[in-house]
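**Q** Dock chain R against chain W, hints included.
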Amino acid sequence: MTAELLVFLALAGLALAGAVSLILQRHPIHSALSLIVVMAALAGLYLLLEAEFVAAIQIIVYAGAIMVLFVFVIMLLNAGAEEHTDFSRMARYAGVPLTGVLLLVLTFHVARASAAMTAAPPVEGMTRRVALLLFRDFAFPFELTSILILVALLGAMVLAKRDS
Amino acid sequence: MNEFTAQHPIVVVALVKIVVLLFLLLTALAYLVWFERKISAHIQARRGPYRVGPHGLLQPLADALKFLLKEDATPAGADRFVYYLAPFLTMTLAISAIAVIPFGPGTVQIFGQTTPLVVANVNIGLLIIFALTSLGVYGVVLAGWSSNNKYSLLGGLRSSAQMVSYELSLTLSVVGVLLLAGTFHLGEIVTAQSGYTWGFLPRWNLLNPTWPQLLGFFCYFVAALAETNRLPFDLAEAETELVAGFHTEYSSFKFGMFFIGEYASMVTVSCLAVILFFGGWLSPIPSGPGLDWAVYLPAAVFGLAGAGLVVHGLRYWTISGRIVLSAMGLALCAIGALFARPGVWELVQGPFWFLLKVFVVLFVFVWVRWTLPRFRYDQLMAIGWKFLLPVSLANVVLTSLAVVARS
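So the protein lines, in turn, are chains W and R. With our numbering as the guide, the letters of the first sequence map in order to residues 1 to 164. With our numbering as the guide, the letters of the second sequence map in order to residues 1001 to 1407.
Possibly wrong hints are sitting among the right ones.
Capping the alpha-carbon separation at 35 Å, the derived lysine-lysine pairs in DSBU-like fashion look like this [said to hold, decoys possible]:
no., chain 1, residue 1, chain 2, residue 2
1, W, K161, R, K1150
2, R, K1386, W, K161
3, R, K1150, R, K1038
If you want the ones that stay clear, here's a sample from chain R, every Cβ over 10 Å from chain W, calculated [what the hints assert, rightly or not]:
no., residue
4, V1033
5, I1043
6, L1215
7, L1291
8, V1310
9, P1351
10, V1366
11, A1382
Please keep in mind that the hints were generated in silico from the structure rather than gathered at the bench. No residue lacks a Cβ here, since even glycine has one placed at the ideal position from N, Cα and C.
Chain R with its partners taken away, still in its complex shape:
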């Protein structure tokens, strides 16, 4: 092992990063489902998952077990190869896109190798994400076709038309950012947004002094909702019309793979939104005299959350809940204390702000889903072609004019 590590340092470092990221991502995805169920429940004045563990915290585990243990049925007359391929494709493509997302500016030491906080540090990171999302449509289309079910087929057809239509707006909405940054490298796009207008307003692309990308972000967000097949654009699985759309015939873990894929692509588009429009890992608080305390914000947030959890946990209605919740609160406090130590707080700044922003964007995704009703199919097409595409084109023209006027 040591000999291999010495001979192929790049391979080993890449493998370690992939394994760590995959583990963190899959855990995060499981809890994203829990998060969405909780938010939706509270929006509808319900409690949500509450039985499995305190506040339903073990619900993702129970869900995963259920996915694994249910009968895995294949419909008669299904095209077996394509039927098995489709969920696999959806999940793999959605997860691989995370590989090019940079989580922070710093570097970490793995086996004596200094390496940035991104699995694949490539020059065309943005194009790779678009390539993977444009392939993602096959999972849905092939699932719909191979199931030998008319509802699945209709869902697949709808979804392919929808994703092809909105991909145009998605790509065009990003062109404004590319014009301002002048690169496809996601890390460089973030560093191009550093600095503050008038000393306090962050120069994120959303508030860029040359031309604020408000239109661009609007188009990006709407197109991203459509690309990830989320409400109000989930025509591919409109249950009132199509039972469950393209995944009607899927059960057990194959259904689980679609589930993972959907949430993974949601995470990808959220990360991309933060990188392109909200300054990635850059802190919203300028560094300057009198603002030194800002670097202790991660520590303070974790410490306060931990303290709150301890206070809340001690009054929980089950004994085990009291123990678990207050233990989790203490753990959060410990993490907060760790983040305040010199040598650690420099490293956690970037990932903390990045993940916090991603979290906010994800919350908006969930919020939108449980607030807006679904569009009709003709409305969906009209919005995509007659409204979103012209608006994103206008954004490209305006941004290029502003860039030319500045230079």
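Looking at chain W on its own, in the form it has when it is part of the complex:
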């Protein structure tokens, strides 16, 4: 067992544990913290793949910005602990079997594909390549996305201002 595999297993375990804890926790803040653990573990996995830039962006954007807003809103609303409801009938008879089927399909395909997989050659100058892709090759979709986000922002502000 190599050191890389050990680190991978530790990070993957951490991500899974965080994800399970996210669902099982009663308090919204604890759930949010679990989600942050998942994101940090994912960033570690990216680092393991030598995608340093993606790892750093993962932490900065998801854990450092989006989740801060989540926590901020939870605190602002002062949300308390929540009650767990029972399984709905829909989840019991449709959700659980379908999850099992999805798991089986995924396992089958991953197992079949990983036999034929070879390691990709390491990429030099990751940051530069991402930048060239975003701002040269896909500049138009990129700008379109930012306009979409801008519209969403303005929409949120209009909705928030309407009451007063």
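**A** Just chain R now, with coordinates in the frame of chain W:
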């Protein structure tokens, strides 16, 4: 041990560097508190710490003992896990950011391994620092929330809003430097600033001939003050309104951890300011004919400081103070003499200039804190969004135009 060293040289070297840096950093942080108390006292025409050791030099030790020995109370109804996690998070994240700071251009020999003067020599050093500072907000927010205290909660809320707002300006203010240097690697950002305009003006990013980063530095400095929750932006712990803000309920060493975290992030942003805008370890004095004496400046500074300390120490008002201060002065003189020796002065040039610049930036941080009054909360938000963000955006546009025009 020797077998392990031979088999895993990288691990051993990294561990040695981490331990040395941690020891130096924690000592420096303790004395940074002493430094701030002394400066603030003299700004207000007081003496500051004066009783514990000569000039209060043992005050950090006394403070640390006090942190360790006080009762560690947990408020009723606190969320215990998060309450314990928050100070731990603050301190760990603030300290780890120092790992990517390069202190000099040279290399040192540890167990026969040549290694640069930085713990983690990574390509995305700047992004790592930003990632760690963006996570730092959790310490404050979670502390405020878990304390089960309305003042703490308000402090935490304020602080999260403030840090999210100013992080934008902080990141954008650095983009100008990145455009000029073309890399995220902190060491390469420094080497990109070497050289002198007209033979004497250092080509630091602050005075870059393509486009001087004056606006960038201004935005960086203001945003850094806000990110580290220092006056005039310490709304998170405004004592006139919020008792002590997010750390109201913390006592003993948990409070001490917040303290360490705050000063560690101050050191980080100061180091980053020096690397990004003031040429890192590069000397401000150009090397050239007639300027050979510049390499002996570190030795001269230490020697003169030591001599001054001896003269001052001999007239101190306690006997022990006379002995200790003059002994310290002699030690400084000895260090100065060591720095003048061949083989040593080459190595100390980089760290000397780097630490001197960091020291100046830290002094400005303290100076600002004890000079400016605190902003009101709405003013804080208005400055962040309506003034600092447009200015830092303008800096990005102007710098990119200048870079395009040059090429």
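**Q** If a hint holds in the structure, say so; if it does not, say that too.
**A** Hints versus structure:
1. W:K161 / R:K1150: Status holds; Cα separation ~27 Å.
2. R:K1386 / W:K161: Given pair R:K1386, W:K161 holds - Cα atoms ~18 Å apart, limit 35 Å.
3. R:K1150 / R:K1038: The given pair, whose Cα atoms are some 33 Å apart, holds under the 35 Å limit.
4. V1033: Holds: least Cβ distance 28 Å, greater than 10 Å.
5. I1043: About 34 Å separates R:I1043 from the closest Cβ of chain W, which puts it past 10 Å; holds.
6. L1215: Nearest chain W Cβ is 23 Å from R:L1215, so the label holds.
7. L1291: About 38 Å separates R:L1291 from the closest Cβ of chain W, which puts it past 10 Å; holds.
8. V1310: holds, 49 Å
9. P1351: Since the minimum Cβ distance to chain W is about 27 Å, R:P1351 lies beyond 10 Å and the statement holds.
10. V1366: holds, 27 Å
11. A1382: holds, 16 Å
No hint from the list above goes unmet by this structure.
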